[in-house]
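Given these sequences and hints, build the entire structure.
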Amino acid sequence: MNLFPYDSKFDFMRLRKVSLGIAIALLVIAIGSLTVRGLKFALDFTGGTVVELKFEKEVDIGDLRGKLEAAGFESAQVQTFGASNDIVVRLQPLAGQVNAEKTGDSVLAAARIEGNPAKLTRADFVGPQVGKELAEQGVIAVIFVAFGFLLYISIRFEWKFAIAAILATMHDVIICTGYFSVTGKEFDLNVLAGILSVMGYSINDTIVVFDRVRENFRGLHRLEAYEVLNRSVNQTLSRTIITSFVALLTVLALYFFGGSALRGMAESQIIGIIIGTLSSIFVACPLLLWFGTTRIDLLPRAKDDADLARRP
Amino acid sequence: MTLEYPNWKKAIIFVVLAFGLLYSLPNLYRQDPAVQISASRGAVLDETIKDKVQGDLERAKIGFKAIELSEKRLLVRLLDGDTQLRASELLHGSLGENYTVALNLASTVPSWLTRFGAHPMTLGLDLQGGVHFLMEVDRKSVIEHADERLVDDIKTTLRDRNIRGTAARADNGVLVTLRSDEDRKRAASEIANLAPGVVIEDVAGSLDSFPLSVKVPDEARIAAMDQVIDQNLSTLRNRINALGVAEPVIQRQGAARIAVQLPGIQDTAAAKKILGATATLEYRLSDVENASRVMEAVQTGRVPAGARLYYTRDGQPVLLSRRVIAQGDEIVTATSIIDSDSGTPAVSIRLNNAGGSKMLQVTEENVGRPLAVVFIERIPETRMVDGKEVRSARIKEEVISIANIREPFGKSFLTTGLQKAEADELALLLRAGSLSAPIDIVEERIIGPSLGRDNIEAGVDAVFYSFLFVMAFFVIYYKMFGIVTNLAVLLNLLLVVAVMSLFGATLTLPGLAGIALTIGMSVDANVLINERIREELRAGTSPLASIAVGYEKASGTILDANVTALLGGIALFSFGSGPIRGFALSLCVGILTSMYTAVSVSRGIASLFYSGRKKLARLSI
Numbered sequence: 123m124n125l126f127p128y129d130s131k132f133d134f135m136r137l138r139k140v141s142l143g144i145a146i147a148l149l150v151i152a153i154g155s156l157t158v159r160g161l162k163f164a165l166d167f168t169g170g171t172v173v174e175l176k177f178e179k180e181v182d183i184g185d186l187r188g189k190l191e192a193a194g195f196e197s198a199q200v201q202t203f204g205a206s207n208d209i210v211v212r213l214q215p216l217a218g219q220v221n222a223e224k225t226g227d228s229v230l231a232a233a234r235i236e237g238n239p240a241k242l243t244r245a246d247f248v249g250p251q252v253g254k255e256l257a258e259q260g261v262i263a264v265i266f267v268a269f270g271f272l273l274y275i276s277i278r279f280e281w282k283f284a285i286a287a288i289l290a291t292m293h294d295v296i297i298c299t300g301y302f303s304v305t306g307k308e309f310d311l312n313v314l315a316g317i318l319s320v321m322g323y324s325i326n327d328t329i330v331v332f333d334r335v336r337e338n339f340r341g342l343h344r345l346e347a348y349e350v351l352n353r354s355v356n357q358t359l360s361r362t363i364i365t366s367f368v369a370l371l372t373v374l375a376l377y378f379f380g381g382s383a384l385r386g387m388a389e390s391q392i393i394g395i396i397i398g399t400l401s402s403i404f405v406a407c408p409l410l411l412w413f414g415t416t417r418i419d420l421l422p423r424a425k426d427d428a429d430l431a432r433r434p
Numbered sequence: 051m052t053l054e055y056p057n058w059k060k061a062i063i064f065v066v067l068a069f070g071l072l073y074s075l076p077n078l079y080r081q082d083p084a085v086q087i088s089a090s091r092g093a094v095l096d097e098t099i100k101d102k103v104q105g106d107l108e109r110a111k112i113g114f115k116a117i118e119l120s121e122k123r124l125l126v127r128l129l130d131g132d133t134q135l136r137a138s139e140l141l142h143g144s145l146g147e148n149y150t151v152a153l154n155l156a157s158t159v160p161s162w163l164t165r166f167g168a169h170p171m172t173l174g175l176d177l178q179g180g181v182h183f184l185m186e187v188d189r190k191s192v193i194e195h196a197d198e199r200l201v202d203d204i205k206t207t208l209r210d211r212n213i214r215g216t217a218a219r220a221d222n223g224v225l226v227t228l229r230s231d232e233d234r235k236r237a238a239s240e241i242a243n244l245a246p247g248v249v250i251e252d253v254a255g256s257l258d259s260f261p262l263s264v265k266v267p268d269e270a271r272i273a274a275m276d277q278v279i280d281q282n283l284s285t286l287r288n289r290i291n292a293l294g295v296a297e298p299v300i301q302r303q304g305a306a307r308i309a310v311q312l313p314g315i316q317d318t319a320a321a322k323k324i325l326g327a328t329a330t331l332e333y334r335l336s337d338v339e340n341a342s343r344v345m346e347a348v349q350t351g352r353v354p355a356g357a358r359l360y361y362t363r364d365g366q367p368v369l370l371s372r373r374v375i376a377q378g379d380e381i382v383t384a385t386s387i388i389d390s391d392s393g394t395p396a397v398s399i400r401l402n403n404a405g406g407s408k409m410l411q412v413t414e415e416n417v418g419r420p421l422a423v424v425f426i427e428r429i430p431e432t433r434m435v436d437g438k439e440v441r442s443a444r445i446k447e448e449v450i451s452i453a454n455i456r457e458p459f460g461k462s463f464l465t466t467g468l469q470k471a472e473a474d475e476l477a478l479l480l481r482a483g484s485l486s487a488p489i490d491i492v493e494e495r496i497i498g499p500s501l502g503r504d505n506i507e508a509g510v511d512a513v514f515y516s517f518l519f520v521m522a523f524f525v526i527y528y529k530m531f532g533i534v535t536n537l538a539v540l541l542n543l544l545l546v547v548a549v550m551s552l553f554g555a556t557l558t559l560p561g562l563a564g565i566a567l568t569i570g571m572s573v574d575a576n577v578l579i580n581e582r583i584r585e586e587l588r589a590g591t592s593p594l595a596s597i598a599v600g601y602e603k604a605s606g607t608i609l610d611a612n613v614t615a616l617l618g619g620i621a622l623f624s625f626g627s628g629p630i631r632g633f634a635l636s637l638c639v640g641i642l643t644s645m646y647t648a649v650s651v652s653r654g655i656a657s658l659f660y661s662g663r664k665k666l667a668r669l670s671i
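First to last, the sequence lines map onto chains A and B. Letter by letter, the first sequence follows residues 123 to 434 of the working numbering. Letter by letter, the second sequence follows residues 51 to 671 of the working numbering.
Just so you know, these hints were derived from the structure itself, not from any lab. Keep in mind that a hint or two might mislead.
[Claimed, not checked] Only pairs whose alpha carbons sit at most 16 Å apart, straight line, appear in this in silico EDC-like list of lysine to aspartate or glutamate:
1. K179/A - D379/B
2. K265/B - D252/B
3. K603/B - E337/A
4. K115/B - D96/B
5. K446/B - E346/B
6. K176/A - D364/B
7. K241/A - D227/A
8. K408/B - D379/B
9. K122/B - D96/B
What follows is the structure in structure tokens.
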């Protein structure tokens with residue numbers, strides 16, 4: 123069976139100006155939004171209010187979460203606390219509610235369940251779950267990830283490949299983060315994990331295409347870089363589509379059936395998989411062409427030197 | 051190129067499969083809610099206690115599954131979370147101060163499995179919940195401590211400036227009494243320099259007494275309290291890290307509280323002890339001049355000036371110098387070791403520069419004199435007064451060792467005179483820093499998963515169905531090779547779970563994202579192989595050679611793609627914290643297993659199907 127194209131001959135490189143233009147435009151929008159609007163950080167990062175309720179009877183947590191959401195408390199964390207009728211809610215207070223008691227009262231009002239009265243046992247502010255050090259360490263981690271990629275790809279391939287791969291991957295991560303800024307969707311730890319997995323997915327995808335580029339550069343001697351890149355993308359196209367399709371399927375299932383808490387992470391991964399797939403074709407390969415990558419770049423260095431030595 | 055697959059490689063596949071099954075199996079056993087009782091120093095755990103516990107539970111009509119007595123603890127397995135809380139409260143009351151009662155989740159993994167070292171993965175707070183402690187900083191003691199320090203500072207300043215007067219703690223501050231109005235004015239300006247922000251006022255006195263009130267404003271108190279809580283927060287974080295608990299949540303709650311959440315099954319009794327503990331050490335010289343007056347001090351209560359009365363562990367009274375040479379907060383590192391000279395447990399201690407130079411100076415001047423180590427422990431107590439809980443704390447100070455100074459020493463030295471467990475605990479506490487204010491556990495609960503059980507069930511269902519769909523897709527799309535792919539991917543999943551269980555990793559939602567990603571990469575590796583084989587077939591290569599060439603060529607690509615991702619994982623693991631680490635760990639483990647299963651195992655399976663058939667006309671791919 124064969125659903126996805128073999129022996130396709132799309133001229134992807136012809137679109138390079140358009141595709142790189144779109145990529146840069148998206149980057150500008152993402153970075154612009156990140157600097158102007160910033161991210162809407164969730165409770166994990168900002169802290170908020172913790173409210174404890176004691177119901178008379180057992181409570182359906184999903185139902186309660188729905189009620190709170192309807193009352194304007196988006197993404198409240200609802201947990202049982204010891205017993206199934208003791209509930210603890212962590213949420214960000216509504217605008218203008220400066221003290222915790224006020225938030226507590228409105229949560230109590232929103233959480234009213236017919237025939238199962240509740241009382242408020244505590245309302246307090248809570249600090250953030252992750253400290254400032256996470257942000258600092260996160261930045262250091264990303265720098266080291268990029269550095270590791272750079273080094274490995276430079277050794278296994280060539281520095282032009284390394285730069286192109288990293289630019290493409292960073293492009294994906296920034297756009298994915300930018301998406302959360304533009305839409306004003308909540309950015310929590312799970313979204314962060316989702317974006318990090320996008321980074322892994324994106325680099326994986328780019329390397330697979332680059333690997334074929336390297337193979338073709340070495341095997342197809344007479345062809346121009348333009349044609350080599352086009353052929354490589356076309357040859358790996360069926361694999362790229364199948365893998366992305368399968369990955370997307372899993373994440374879509376998570377998005378539609380995984381409940382509200384998983385939605386953020388699933389969303390970041392959906393965007394990431396789409397952008398990551400497109401960027402290895404439309405960003406990474408055009409960048410290689412733009413950097414003037416040729417067959418010579420991939421030849422073993424020693425041979426080059428030997429060639430040079432033989433010259434009169 | 052041939053498709054032959056050596057027998058030893060096949061054997062390895064079976065060993066790996068067996069390993070995967072064995073070590074992922076414990077994850078199928080659900081945990082029992084339990085109450086764990088452990089004995090403090092001096093108390094014993096025996097059949098009598100077991101019978102008492104059983105009796106207490108039966109009288110209160112609390113159903114339980116089993117009561118297990120082991121060397122270190124008594125474990126009561128209960129039916130559900132509700133009875134667990136009730137049982138814990140009941141036993142806490144009836145067993146008294148000498149026993150620590152803690153909530154726990156007890157493993158139900160059969161012993162034949164644990165004998166292999168197989169344990170279930172701990173699920174993180176988001177997926178499973180865990181234990182929640184609410185801790186309160188002792189506000190009164192923070193204020194007292196600050197005021198005492200202010201009194202000391204004022205006294206020193208007055209002495210340095212040759213102003214005659216006294217200072218003592220008073221309502222919300224300090225009362226300084228001076229001899230003349232002129233002195234009072236000078237003192238007021240000195241104090242204003244010493245402690246900016248305090249409110250200084252003259253108070254009506256008598257002919258020869260000119261009192262001055264120094265009051266600390268509320269804002270300054272709140273700021274000081276904030277600072278104390280922040281310090282305690284980081285100390286607690288250090289302590290929990292030292293305990294080795296993965297993925298804890300430590301956050302401030304309200305004005306004077308800190309909430310600590312530890313995921314899943316933990317030795318909560320130990321955690322409790324470490325979290326709330328304020329044990330520390332002080333080094334003091336023995337007061338040899340007054341040594342003969344010890345008995346007098348014990349009998350009359352009159353302690354000679356410059357000395358303090360202490361007792362050793364076995365109850366011997368001893369007089370020590372009032373001056374502290376070094377104390378807990380000057381300790382940089384502490385490790386529990388076995389002293390090679392005496393063969394007894396000891397704590398090896400290194401002081402900071404200031405503490406080290408003080409220690410060197412004192413020991414140089416006092417060779418031959420005894421040096422005492424005082425162990426200070428704060429034990430929180432709860433009593434019921436008029437039906438209300440009243441919290442207080444008892445400070446226990448005892449001399450754990452007195453030894454003559456044989457030669458001067460500075461930064462590094464040993465402290466002996468402890469039992470093994472105490473040495474371990476003390477080293478952990480000293481290393482993790484002392485709390486800047488005493489902190490008590492005011493509440494302990496088992497909490498549900500923060501993502502909500504409904505969410506997790508929905509998520510698991512979603513992943514399960516998508517997995518089924520993907521597998522069906524592969525079988526339809528690649529036929530025989532789809533089955534090979536599915537087997538390899540399933541084995542990969544099994545291996546990830548097994549390795550992570552073996553590591554004792556904590557599985558959180560970000561961790562699951564990591565696993566999902568590696569499953570994706572494992573799928574990708576198989577797709578790469580299958581597409582290569584198809585490519586070779588289209589190029590006219592014979593079926594068997596196509597398989598061999600396909601695997602060969604795809605392996606290089608898979609290696610590059612996976613090593614790059616692995617590098618990313620390693621960097622994230624070393625520099626990330628908390629949830630990022632969980633993600634990175636599962637990513638790294640998953641990449642390693644997926645490289646093996648996609649390249650080696652799937653090839654083994656393929657050769658199992660095809661290598662015997664020399665004249666294969668068509669491939670089912």
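Going through the hints against the structure:
For a cut-off of 16 Å, the pair hint linking K179/A to D379/B is broken: about 49 Å separates their Cα positions. As the CA atoms of K265/B and D252/B are separated by approximately 11 Å, the hinted pair is consistent with the 16 Å bound. With a C-alpha separation of about 10 Å, the suggested pair K603/B and E337/A falls inside the 16 Å cut-off, and the hint holds. Among the hinted pairs, K115/B with D96/B is inconsistent with the structure: their alpha-carbon atoms are about 19 Å apart, more than 16 Å.
The hinted pair formed by K446/B and E346/B fails the criterion: a straight-line CA distance of about 22 Å is larger than 16 Å. At most 16 Å may separate the alpha-carbon atoms for a hinted pair to count; K176/A and D364/B exceed this at roughly 49 Å. Of the pairs offered as hints, the one joining K241/A and D227/A holds, with about 10 Å between alpha carbons and a cut-off of 16 Å not exceeded. Simply put, K408/B and D379/B have alpha-carbon atoms about 14 Å apart, close enough for the 16 Å limit, and the pair holds.
Our distance criterion of 16 Å between C-alpha atoms is met by K122/B and D96/B, whose separation comes to about 10 Å.
Hints 1, 4, 5 and 6 from the earlier list are contradicted by this structure; the remaining hints agree with it.
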